[in-house]
Amino acid sequence: MSVSEAPAGGQPGPESWAQSWPSWAPSAAATWGALYATVQLTWAVTGTTVPWTPGTPYAPVAQLLLALLAVVAAAACLATARPLTRAGATAVTTVLAVAVPVFVAGMISLPLQFVTLVSGSGVESATGLAHVLLDTAGAGLLVLTAVGHRRRLRGRCVRCGQAHRGVGAGPLLHPAASTASRRTRVAVYALMCGIVPWAGVKTVWTLGGDALGVTAEEWDRANAAAPASARALASVGIDITVLAALLAIFLLLGLMHRWGMVFPRWTLFLSGRRVPRLLPLVPAWLTAASLSVYGIGLTVYAPLTAVGVLPAIEPSGGFTRAGLTWMIAFGGLAFAGLGLGLVVAARSYASRTHPACAVAGERNRWTAAR
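Counting in the UniProt record's numbering, the sequence shown runs from 1 upward without gaps.
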């Protein structure tokens, strides 16, 4: 096992700041709650349009409820750093259990916002983007606070989650680089296969072929308003959304293999250094929930429209009703596969890279030796 030490001279480095998250996460979450509530109240009072879906804005009542929830969550976060009675601990746990899913749901469109920005399409709604970013920041801080709160209730070290004496401080022991289990790899590879029909159809169109009753010319006309960067990639047979999906696959592979824990040779001056565990985990967590929910929704929606249980989307861009239904189903398989694959791979990576305070590591080795 390798040991991560503070820099010489006792000055805390970037990793030391990251290691001390239990001390600053509750206050940071409380600050976020105050800011979030202020923004939501301002939008509600001024009648600012904040899109919930592309065609539906948030109602002022919903904004006021979100502001109220943020204030209550902020108070709960501050309370986690204080001694709590049984009733107080239950109240804090309940508030966090409600707040975390609400604000996680608010960040579902984050991957779409990212692809839109990277493709050069610009910002469709500044308030919509701000809302998603605020929800994302809040979800992250609330999850950190909830993890610390749970560990305190269980009598574990708040920093590393292990049972050991003393306050979690000083160096952390990091596990050696390892590969995910065979079961995890098989599951993730199977989920990754969901991208094949969706990516295959889009690649056929960008290469000039016909698929699902839509010709390449019709596909080009439907995407005539796409940014220059997207059109340039399409001219060489690369769809920009497929390219974004390939980046997600790259992230999945890194989460499962050793080179995701220690920088490989091709990273040049970084070669051999330990990969900061949050470097792959943060994007994995941020996109996993969004892609999973969106993909599962599409996967369920497509067959229900095919049998008439739900109203179908009116086809356009050369699509027939059947062709559009298949394309929605393909998209659902792709996004759900990538999202659920990220959930499985990130869980494995988090477990394999989980550090422990040095005192806990020494205690575990002493126990094993006995």
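Hint data in this document are derived by calculation from the structure and do not stem from the laboratory.
Each residue gets a CB set at the ideal place from its N, CA and C atoms; glycine is no exception.
There's no promise every hint is true.
To be verified - Computed beta-carbon distance windows for the label pairs:
id : residue 1 : residue 2 : range
1  : VAL309    : LEU270    : 46 to 56 Å
2  : ALA97     : ARG221    : 40 to 50 Å
3  : LEU243    : ARG154    : 42 to 52 Å
4  : ARG221    : ALA75     : 53 to 63 Å
5  : THR53     : PRO276    : 33 to 43 Å
6  : ALA222    : SER178    : 21 to 31 Å
7  : ALA89     : PHE250    : 39 to 49 Å
8  : SER181    : ARG82     : 38 to 48 Å
9  : ARG82     : ALA232    : 48 to 58 Å
10 : CYS193    : ARG347    : 13 to 23 Å
11 : PRO276    : ALA232    : 27 to 37 Å
12 : PRO101    : HIS354    : 22 to 32 Å
Hint-by-hint comparison with the structure:
1. VAL309 x LEU270: 46 to 56 Å: holds, 52 Å
2. ALA97 x ARG221: 40 to 50 Å: holds, 49 Å
3. LEU243 x ARG154: 42 to 52 Å: Hint holds: Cβ distance 43 Å, inside 42 to 52 Å.
4. ARG221 x ALA75: 53 to 63 Å: holds, 54 Å
5. THR53 x PRO276: 33 to 43 Å: holds, 36 Å
6. ALA222 x SER178: 21 to 31 Å: With a Cβ separation near 46 Å, ALA222 and SER178 fall outside 21 to 31 Å, so the hint is violated.
7. ALA89 x PHE250: 39 to 49 Å: holds, 42 Å
8. SER181 x ARG82: 38 to 48 Å: holds, 40 Å
9. ARG82 x ALA232: 48 to 58 Å: holds, 56 Å
10. CYS193 x ARG347: 13 to 23 Å: For ARG347 against CYS193, whose Cβ atoms are near 20 Å apart, the range 13 to 23 Å holds.
11. PRO276 x ALA232: 27 to 37 Å: Between PRO276 and ALA232, where Cβ atoms are some 34 Å apart, the hint holds.
12. PRO101 x HIS354: 22 to 32 Å: This hint holds: roughly 24 Å between Cβ atoms.
In terms of the numbered hints stated before, the structure departs from hint 6 and from no other.
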